[in-house]
Structure formats: C-alpha cells, structure tokens
Amino acid sequence: MNLFAKKEINFRDKDIETIGREELSDMQFASFMSTMRAALRTEFYKNRFAKIGITSREDIKSLDDLAKIPFTTKEDLREAYPSGLLAVGLEKVVRLHTSSGTTGSPTVIYHTQKDLDNWTELLMRGLTACGVTEKDVFQNMMTYGLFTGGLGLHYAAERLGALVIPAGSGNTRRQMQLMKDFRTTAVHVTPNYMLHIAGRIEELGFKLEELNLKKAFLGAEPFSENARKKIEKSFKIDVYNCYGLSEMNGPGVAMECVYKDGLHIWEDSYIVEIIDPATGKVLPDGQQGELVLTTLKREATPLLRYRTRDLATVFKGNCPCGRTHRRISRIMGRTDDMLIINGVNIFPSQIEEVLMKKPEVGTNYLIELNKRDELDRITIKVEIYAKLFHGSMKELEELRDQLKDELKSTMLVSADVEIHEPGSLPVYEGKAKRVIDNRSKE
Amino acid sequence: MVKQIMVFVDNKPGRLEKITGTLSKETINIRSILISDNGQFGIVKLLVDKPDQANMALSKEGFATAVKDVIAVFVEDSPGKLHDLIKVLSAKNINIADGYGFASNSVFCIETEDDNRQGIEKLIKEKGFKILSGEEFYSM
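Chains as they are written, first to last, in our numbering: chain R, 1 to 442; chain W, 1001 to 1140.
Honestly, I wouldn't trust all of these hints.
Quick list of in silico lysine-lysine cross-link-like pairs, DSBU-like style, CA-CA up to 35 Å [unchecked claim]:
| id | chain 1 | residue 1 | chain 2 | residue 2 |
| --- | --- | --- | --- | --- |
| 1 | W | K1060 | R | K357 |
| 2 | W | K1050 | W | K1081 |
| 3 | R | K214 | R | K229 |
| 4 | W | K1081 | R | K387 |
| 5 | R | K381 | W | K1081 |
| 6 | R | K357 | W | K1081 |
| 7 | W | K1045 | R | K387 |
| 8 | R | K207 | W | K1050 |
| 9 | R | K431 | R | K92 |
| 10 | R | K433 | W | K1081 |
| 11 | R | K207 | R | K431 |
| 12 | W | K1045 | R | K408 |
| 13 | W | K1003 | R | K433 |
| 14 | R | K431 | W | K1012 |
| 15 | W | K1025 | W | K1045 |
Label-pair restraints from in silico Cβ distances [as the list claims (entries may be wrong)]:
| id | chain 1 | residue 1 | chain 2 | residue 2 | range |
| --- | --- | --- | --- | --- | --- |
| 16 | W | D1115 | R | M338 | 57 to 65 Å |
| 17 | R | Q402 | W | G1039 | 51 to 59 Å |
| 18 | W | I1030 | R | S409 | 53 to 61 Å |
| 19 | W | E1026 | R | K207 | 20 to 28 Å |
| 20 | R | K229 | W | D1115 | 30 to 38 Å |
Simulated coverage check for chain W against chain R, where a stretch passes if three residues somewhere in it have a Cβ under 8 Å from a Cβ of chain R [stated by the list, open to error]:
| id | region |
| --- | --- |
| 21 | 1008-1017 |
| 22 | 1033-1042 |
| 23 | 1081-1091 |
These are calculated hints, taken from the structure and not from any lab test.
For glycine and all other residues, C-beta sits at the position ideal for the given N, C-alpha and C.
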C-alpha cells in the first residue's frame, strides 16, 4: 500500500465525514443525550440506572460521565429478550433482527424507519468511500433473512443506485454464472467463502477473463492481511474490510477507505471505546483491547457501552483520505476466539497469517486441539494445492517442516502439521468453524 | 518417454480404492504401482497404459496429481546386467530417485532427480542400452 500514491477520494457526506473533532464531540454529546432519554424508556436501562442513582439524563453532564455507566453485555441482551430493551411503541418498529442463538438464548434488535435509514446511510458512506457508484453491479452473496449481512448491504447498494443481485449465499456455480452473465463488479461475501471460490474458479468451468469483478467487500468474520492479499491476487481485485455486528445494526459500523489502512468507524453514530477485557479499564488509542460501542442514533434499541467481544486497536493519527472519523484495526479475533494452549494465548488469525503465505497450501484449514498425557496438543490441518503438487515426498516433508517452524515462531507453541488431500477438510459457505476443541470431551 | 503419474493421498482406507476404481472405470491398465507414505500422507506412483487419460480422470476426481517422465531401459535378465546400467549413471553422478524392475520383460524404469532427461537418455544409449518408447512400454 503506497500512502503517497494519489487516490481518488469520494465522499457520501463530506461535511460529516471530515467534521472537526470538537464539532464532532459536541454533536456526540447532543446525540448521547437523546440516547440516554431513549434508554431510560427501556425496562432494562431504567432498572440498571436506578441501581446507580441515574434517574434522568440530566444526571449526565458530559461525555466523561460515560464512564459511570456499566457495560452492557450479550448476556444482558439475552436476559432482556424479547422486549426489555425496546424504547419505543411497537407500532413505530418496522423491522427486527434476531441473533442466531447458537449459544444460549436469542437476542433481538428492533429498528424504526429512522434506525434503518441511518444504518443504510452509514453503509452508503462506506461503499462510496471505496468507490462504489450507481454504475456498479453489486452481487450480495451473504445470507438474506434474519442475518443482517443480507438486507443491510442490499438496501445500501440499491439506494446508491447500483444494480443489486440478491444472490444470497451458496450454490457457487450459480454465483459464478451470475457474475459472468451480469458482469458483476462488486461482491459482498464472507472471507472464507471467497477463499474457497478462489481455489475453484477453473474447476467450476469459468475463466477470470470472463468476469468483470473489481471489488469485494468482506465481512461477518475476521480475516488476516495475507488472506486479503491471496484473494486480491486470485481475482485481481481490490478487497475491502467491512466491520459490523447486529447489535450495532449490522455491517457498516466501520469500513475501510481506498487506503485500506484501518476501518473508519462512524463516530457521529457510535461512541468508541477500547477496554482491557479482563479489568474493564478504558485504554488509550494505539492499545489493543475489546471494542465497546454506544449507539448515538438508535431509537428503538439504544445500547450503552456494549461489549462487542471483538479485539481491535484504535489507530492514532490521520488517514490520508481526509476523514476525521478514527480508524480501527482489523479485528484480531474475538475475546472468545482466543485459544489457550499450555498457558499460551493464541488467536486463530495468527495461524491464518502463516498459512496464507504459503501458495502450496490451499485456503481451507482446521485447527484441532487435543489433550495427550495432561498436555494440550495443537494440530493444524491444511490441504495440498493441486496445481503446486510436483509428486515429490521430499518437497512435501520440507513444506510440512517449514510450516511447523513458522507456526512455532509465531505461536511460541509447537504444532503438528498435517497435509491433506484437496477438498477433504469441511467446507462452509457462511461463517467457518476453524477450531475443533476436543480437550473438554476427554 | 514413459510417463509416471504421482497422486497425493491421505493415508487412510478407501483412498487407494478410489484411485483403482477411477482407473478401472476408464478401462486403464495399471502396469506398476508404488506406494510410499510417511504415516500421515502418501504418494502413489503409477505407470499405466494411457497416462494422459488417467491423469485427467484422477484430477477430475479431485486428486492432486503430477506427471513426470521416466526412462524405460531394456536390461537383459541375467546377473550383472542391471549393475552395468547403474554403473553408467553413478559414474556421471546421476542420482536415481526411484526405480521399477520388470524382470519378466527385461525392463528397468528409472526416475531421476535430474531434469536433463534427454541428456541422460543419450548417455544410456551411448553405452549400448536400448530405451523403450512410450508405445513400446505401454503395450508390453
């Protein structure tokens, strides 16, 4: 990435996107007051604030008073389900999105029309920042329905005037056919699905020259910088990182700009904090911690100091694009993604960085954890990339040893590496399950 | 030139069967099969009568395959004759990666590490040995 190369900068809303920090602060405070008023209308926050002596928004004098407010967690949302966090009458609610509920009971976020409009607006800002215009053909390859990745980008790209193909996820051959037939220029997809397709373009019967793809917006799960490079190289496109979570609407909470050096988080709509996940202490810019967000524009389901469980860093300094909304790093992992192997903290993303650097190895991988003789053992399973297989046992064993060495220097823990046949590891078209932890089962 | 096919396999039951099944469906005749493995994965080396067809069929089944030329040399079936051939190669520091002996056909197939197969073939011929063409070998 060349910071000195002049890039074309497009703004959806230049005044807001390049607003002065002091003006932004005033704007945030005013919005925060509205948020407090809305929060006090919910059962959940009414009870919580009563416990700490806050009965009206006048008890909040400045943004510094944010620190007085306890964190809101996923558990809180589960307990408040279904209507504990509803701040308006149901007749004003026009949509709701629930979580997958795979672990524990579900959570719900309600939206008024204004909430939806603001969500769409933020995404339109993000798409515009990455050069998407009405001339684009936008194929939305995310699941439609309760999952916010589908409808979120759909409305934003549509409102921007792009031709939206609501493809949904899966059926890879059909996805490629759509890309070819309709000259798709931009896609919205999960990183691991895009990686999966990257290795199969020819196998599916398509040629890169037949496609008109220019950009990919990756979201819904974290991915490494090397995974981005691999996708950019395979498709010859620009890949942009899009961050979001359904509790904060959905995708579009933060988006990279053409400089791909951090994701601009829209501070007119969110108050951003980074905390030490163990102690709750607020950390300064430049230090990695858990991202905590407060909604500033949400009417139906306001959330204060919501712990996202995503680990990130807020960048210091200004982006050459001119936007004054701060940038966050890519998500390094979720606080619950972190693996502890014999006392050492390891994130799957660290492992991914090493694997994606090796062209001989495919894009699918699995991390398996077992216990043997009281010790944790980690096995990384990868697939051989058929095109780079030369039939030499020596080469394969060298590859395996190289991977072992590089993994060891990254993770500080030794891992067993297994090389498997192409297509033999499990495949996911949505969010990937990269870790199989067998330790508790024994 | 005789073509050798190398197939990457997971070391678990059913994989070899997938290979032999695929080849049998294509009515391909296996002339030789060598399996080397390290416990976790292996490489199956095949000499078949229709190597290009076999390679395509196996790739289509999802196997990672590679093709390499090997030299089929006519070696009289009597003591000392193979030794004479091997001496020729070691004298020129040519390393043999793998070899297949077909005693009843008097043929020895050599896989060398060296990529200069044409040079090696020339050397073997100069020393008086006969090299089989692909067709001659496949129809053995």
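Hint check:
no.: 1; hint: W/K1060 with R/K357; result: holds, 27 Å
no.: 2; hint: W/K1050 with W/K1081; result: holds, 29 Å
no.: 3; hint: R/K214 with R/K229; result: holds, 14 Å
no.: 4; hint: W/K1081 with R/K387; result: violated, 39 Å
no.: 5; hint: R/K381 with W/K1081; result: violated, 46 Å
no.: 6; hint: R/K357 with W/K1081; result: violated, 49 Å
no.: 7; hint: W/K1045 with R/K387; result: holds, 17 Å
no.: 8; hint: R/K207 with W/K1050; result: holds, 28 Å
no.: 9; hint: R/K431 with R/K92; result: holds, 33 Å
no.: 10; hint: R/K433 with W/K1081; result: violated, 59 Å
no.: 11; hint: R/K207 with R/K431; result: holds, 26 Å
no.: 12; hint: W/K1045 with R/K408; result: holds, 33 Å
no.: 13; hint: W/K1003 with R/K433; result: violated, 41 Å
no.: 14; hint: R/K431 with W/K1012; result: holds, 29 Å
no.: 15; hint: W/K1025 with W/K1045; result: holds, 19 Å
no.: 16; hint: W/D1115 with R/M338: 57 to 65 Å; result: violated, 47 Å
no.: 17; hint: R/Q402 with W/G1039: 51 to 59 Å; result: violated, 19 Å
no.: 18; hint: W/I1030 with R/S409: 53 to 61 Å; result: violated, 44 Å
no.: 19; hint: W/E1026 with R/K207: 20 to 28 Å; result: holds, 26 Å
no.: 20; hint: R/K229 with W/D1115: 30 to 38 Å; result: holds, 31 Å
no.: 21; hint: 1008-1017; result: holds (count 4)
no.: 22; hint: 1033-1042; result: holds (count 4)
no.: 23; hint: 1081-1091; result: violated (count 0)
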